[in-house]
Amino acid sequence: MATYNLTVNGTPRSVEAEPDMPLLWVLRDELGLVGTKYGCGIGACGACTVHLDGIAMRSCSLPVGQLDGEAITTIEGLSENGDHPVQLAWLEHDVPQCGYCQAGQMMSAASLLGNSPGADDAEISASMSGNICRCGTYTRIHAAVKTAAKKMS
Amino acid sequence: MSVQHTSRRSFLKVSAATGGGLMLGLSWLTSCESDKANKADPELQMPAEWVTVNAFLKIGDNGVVTIMSPNPEIGQNVKTSMPMIVAEELDVDWKNVIVEQAGLDTENYTRQLAGGSQSIRHGWEPLRKTGAMARYLLVAAAAQQLEVDASELRTENGVIYHDGSDRSLGYGEVASLAATLTPPEEVTLKDPADFKIIGHGKKNVDARKIVKGEPLYGLDVQREGMMYAAIVHPPAFGLKLKSVDDTEARSMPGIHDVVTIDARPEGVEQQWSDVNAFPQLVAVVGNNTWRVLQAKKALKIEWESDSAPESTAGHRSALEDLLNDGKAEEARRDGDPEAAFASAATVVERSYSAPFLPHNTMEPMNFFAHVTEDKAELVGPIQTPEFLRKTVSALLNMPEEKIDIMMTRMGGGFGRRLYGNFGVEAVLISKAAGGIPVKLVYSREDDMTQGTYRPEYLVRYRAGLDEDGKLIAFHVRGTGANESPVFANRFPAGTVDNYLAENLSIETNVSTGAWRAPRSNFIAGAEQAFLDEVAEAAGKDPIEFRLELFERAKTDPVGEDNDYDAERYAGVLELVRDKSGWNTNDDKRGVAAYYCHNSYVAQVLELEMKGSEPRVTEVHCAVDCGIVVNPEGALNQIQGGIIDGIGHALYGAVTFTDGKPDQQNFDTYRLIRHAEAPQSIHTHFVDNGIAPTGLGEPSLPPVIGALANAIYRASGERVYEQPFAKPRELKG
Ligand code: FES
Ligand code: FES
Numbered sequence: 001m002a003t004y005n006l007t008v009n010g011t012p013r014s015v016e017a018e019p020d021m022p023l024l025w026v027l028r029d030e031l032g033l034v035g036t037k038y039g040c041g042i043g044a045c046g047a048c049t050v051h052l053d054g055i056a057m058r059s060c061s062l063p064v065g066q067l068d069g070e071a072i073t074t075i076e077g078l079s080e081n082g083d084h085p086v087q088l089a090w091l092e093h094d095v096p097q098c099g100y101c102q103a104g105q106m107m108s109a110a111s112l113l114g115n116s117p118g119a120d121d122a123e124i125s126a127s128m129s130g131n132i133c134r135c136g137t138y139t140r141i142h143a144a145v146k147t148a149a150k151k152m153s
Numbered sequence: 001m002s003v004q005h006t007s008r009r010s011f012l013k014v015s016a017a018t019g020g021g022l023m024l025g026l027s028w029l030t031s032c033e034s035d036k037a038n039k040a041d042p043e044l045q046m047p048a049e050w051v052t053v054n055a056f057l058k059i060g061d062n063g064v065v066t067i068m069s070p071n072p073e074i075g076q077n078v079k080t081s082m083p084m085i086v087a088e089e090l091d092v093d094w095k096n097v098i099v100e101q102a103g104l105d106t107e108n109y110t111r112q113l114a115g116g117s118q119s120i121r122h123g124w125e126p127l128r129k130t131g132a133m134a135r136y137l138l139v140a141a142a143a144q145q146l147e148v149d150a151s152e153l154r155t156e157n158g159v160i161y162h163d164g165s166d167r168s169l170g171y172g173e174v175a176s177l178a179a180t181l182t183p184p185e186e187v188t189l190k191d192p193a194d195f196k197i198i199g200h201g202k203k204n205v206d207a208r209k210i211v212k213g214e215p216l217y218g219l220d221v222q223r224e225g226m227m228y229a230a231i232v233h234p235p236a237f238g239l240k241l242k243s244v245d246d247t248e249a250r251s252m253p254g255i256h257d258v259v260t261i262d263a264r265p266e267g268v269e270q271q272w273s274d275v276n277a278f279p280q281l282v283a284v285v286g287n288n289t290w291r292v293l294q295a296k297k298a299l300k301i302e303w304e305s306d307s308a309p310e311s312t313a314g315h316r317s318a319l320e321d322l323l324n325d326g327k328a329e330e331a332r333r334d335g336d337p338e339a340a341f342a343s344a345a346t347v348v349e350r351s352y353s354a355p356f357l358p359h360n361t362m363e364p365m366n367f368f369a370h371v372t373e374d375k376a377e378l379v380g381p382i383q384t385p386e387f388l389r390k391t392v393s394a395l396l397n398m399p400e401e402k403i404d405i406m407m408t409r410m411g412g413g414f415g416r417r418l419y420g421n422f423g424v425e426a427v428l429i430s431k432a433a434g435g436i437p438v439k440l441v442y443s444r445e446d447d448m449t450q451g452t453y454r455p456e457y458l459v460r461y462r463a464g465l466d467e468d469g470k471l472i473a474f475h476v477r478g479t480g481a482n483e484s485p486v487f488a489n490r491f492p493a494g495t496v497d498n499y500l501a502e503n504l505s506i507e508t509n510v511s512t513g514a515w516r517a518p519r520s521n522f523i524a525g526a527e528q529a530f531l532d533e534v535a536e537a538a539g540k541d542p543i544e545f546r547l548e549l550f551e552r553a554k555t556d557p558v559g560e561d562n563d564y565d566a567e568r569y570a571g572v573l574e575l576v577r578d579k580s581g582w583n584t585n586d587d588k589r590g591v592a593a594y595y596c597h598n599s600y601v602a603q604v605l606e607l608e609m610k611g612s613e614p615r616v617t618e619v620h621c622a623v624d625c626g627i628v629v630n631p632e633g634a635l636n637q638i639q640g641g642i643i644d645g646i647g648h649a650l651y652g653a654v655t656f657t658d659g660k661p662d663q664q665n666f667d668t669y670r671l672i673r674h675a676e677a678p679q680s681i682h683t684h685f686v687d688n689g690i691a692p693t694g695l696g697e698p699s700l701p702p703v704i705g706a707l708a709n710a711i712y713r714a715s716g717e718r719v720y721e722q723p724f725a726k727p728r729e730l731k732g
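Protein chains in written order, with the UniProt record's numbering: chain A, 1 to 153; chain B, 1 to 732.
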């Protein structure tokens, strides 16, 4: 066990954990931030997507031991009032069915558009394909990303 | 966007005593407990005081209304659409409505179950009555207060008007008086022509919380002092627990306890929902999910044989042998099929198969439980809370009143959460670990390898055509693991003089259960692909061929038990033909139609081949599910069902080697992804005013047939075995 200092959603947090504990479980079980979801634990579904310095990462595959001093953004911190263009677009297109995958989907979309605001259809499809939605909301996700892209570019 | 088939505009008179068994318990509730609830409008002002009108309704002094949603929400949108029905008859502005999930409460609600796409169908009339009854009481209270006759009053958006004297009262002003009045025997329901909420798209009431990542799901439950638990189940079907050495696991950081549980002890009554191959489990309890998952690996467990291990090759050959030589149960016989086949000019015979499928809800199975001496509290994702409570009551030997179950929003259901073994396990773990609050979490591997799988199926069809290409004989012989997929009285039964349907099944020790659109999820694709080939053999356009059959069913049906309405069936096929601009010579399009869960769906699907893999580009879909309560949610369901069906037909399979599932996580199990999904889905609803029917399932089954038929037209190859896409290496 060691102490790690992270900045989570702008707030400094310190946690006691084994160095190989994935960020996902630090967030969920140690810090009580349960917006970031568990889906596979092996980096294959995208449910656990967070931002590390603005870049989408799979938190289930990020050991906390490598994150000391890093800044993390989770869905809870994507915006203060739930009004990030991606969140607004998700509401406008009424994307969620069960909704479970959507935090990860939005974090992937926000990272894509943050880094490539003019992303075209092919780029959206490619970079959103790491996030699985068993409910099959891909059509709506695609439309919502395009709406958000318009607002962000 | 719509066609008019029939019109049924009449006032419905219904009695409060019938249908749904609603209890109008009139009581006071003064505290405001709705700040966690879902407001359509985030700016909505919460009232200072609430009046409980009945089990479904609370009205605030400022006119804000809370509608309880009794049915479990698995993503099928009932938490939005069911309250819409109450709000419609109550006559309130949807903006002033708050929706709250109700817990299990069998005294006040009926059928708190999510399954078979039946929530709306069964809820339709009782929910309308609930709203209408409350509106009646509010009007009666206003009549007293204004000292006029109730017949002189009208309501609009939560306000009661007396036009004669130009006076008005808000619902919040009369709610407390209304709650003291006796509900009437009968109420008059609205004319559907006057609907202002039903039929008008409303956004998901939980959407705001979902986009902000607020805790909503079972996996998000957190309690003071709560521990986490993980289970270890036998690695293969056919094995059971022999012994466990937990010394090392117990010494790991954060580990609180290791316990052994038995969900099926001798003499304890089981429910239909208790489907589980592995009642005896080892559970690790600790202070962090990851730590308990790590400690699982340090357990030294011995397993022993319970029954013979099975493999996919063995399942397949057993199904084939049975199909070839087994003595079948005859489910339906019309005319003389043997003679008709003997006299047929052409006989087409084809077989179709599909593998076992795990449910793979994105939220893995989990449950919170806290069992103490005299009560048990359960919170989590369950489609069948009532049955879970019965099992828990029997296992704990505790009366049902002492067991409280709260349903969380579920990260998908698809049938898996009908079988609440994970809830039972959480209860037993809490108890065995000394009555602590505990949240059981399945790893993805646990979830995929401890399933109640969609069974493997194999079906053989034969069709006999006469010289003119007319269908004169039809034979379906189906088999599967634990069940046959055949519905004997569905189409094309009733359209052909000589018809035979037969059922067979093998027994397996792999646990199986309902999976989105049970049996239909396979048989629709098989049947619709077969009919495509039969139409081709008859030299007819596949839509025209089917319409001729429906014509027969409309004018001169064979037999009496035909489980469909040929007019509505043909209606969706004609609609999709017209909307898609269907052309017999389209070379990348396939068509299919199916009826299940009381709804009719027809689809035209277009694809392109990317190498050897089909990629669906566009789907046209016609749906007849009666009145569409929430078009926004309905479209989402249809789109999702289509994508889900395409994905599973192309890629889905779990196989077994010596009882062990070969796929354990999403690195080896392929689910459809964003780039593989069609981006263009056009849905057309039939507008016929008929009471609403299921929507969560019916769009999935036929799309598999449309896909198979489009693959044939695009590639020249008929596909008979799911998954259709050739297996390929998976990347994370
Ligand atoms: S939980 Fe991290 S990618 Fe699936
Ligand atoms: S909305 Fe259910 S998994 Fe995506």
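FYI, nobody ran anything at the bench for these hints, they're computed from the structure.
One should not assume that every hint holds.
[Unchecked claim] Once the Cα atoms are required to be at most 30 Å apart in a straight line, the calculated DSSO-like pairs of lysine-lysine come out as:
1) 146/A to 203/B
2) 242/B to 146/A
3) 470/B to 588/B
4) 242/B to 470/B
5) 151/A to 203/B
6) 240/B to 297/B
Hints, one by one, checked against the model:
Note on residue 146/A and residue 203/B: the hinted pairing holds, with a Cα-Cα distance of about 19 Å set against a maximum of 30 Å. A C-alpha spacing of about 56 Å is found between residue 242/B and residue 146/A, which places the hinted pair above 30 Å, so the restraint is violated. Distance restraint check for residue 470/B and residue 588/B: the Cα-Cα separation of roughly 26 Å lies within the 30 Å cut-off, and the hinted pair is therefore satisfied. A threshold of 30 Å between alpha carbons decides the hint, and for residue 242/B with residue 470/B the separation of about 62 Å lies outside it, so the pair is violated.
With a CA separation close to 21 Å, the supplied pair residue 151/A and residue 203/B stays within the 30 Å bound. Of the supplied pair hints, the one linking residue 240/B and residue 297/B holds, its CA atoms being roughly 18 Å apart against a limit of 30 Å.
When the structure is compared with the earlier hints, violations turn up for hints 2, 4 and for no others.
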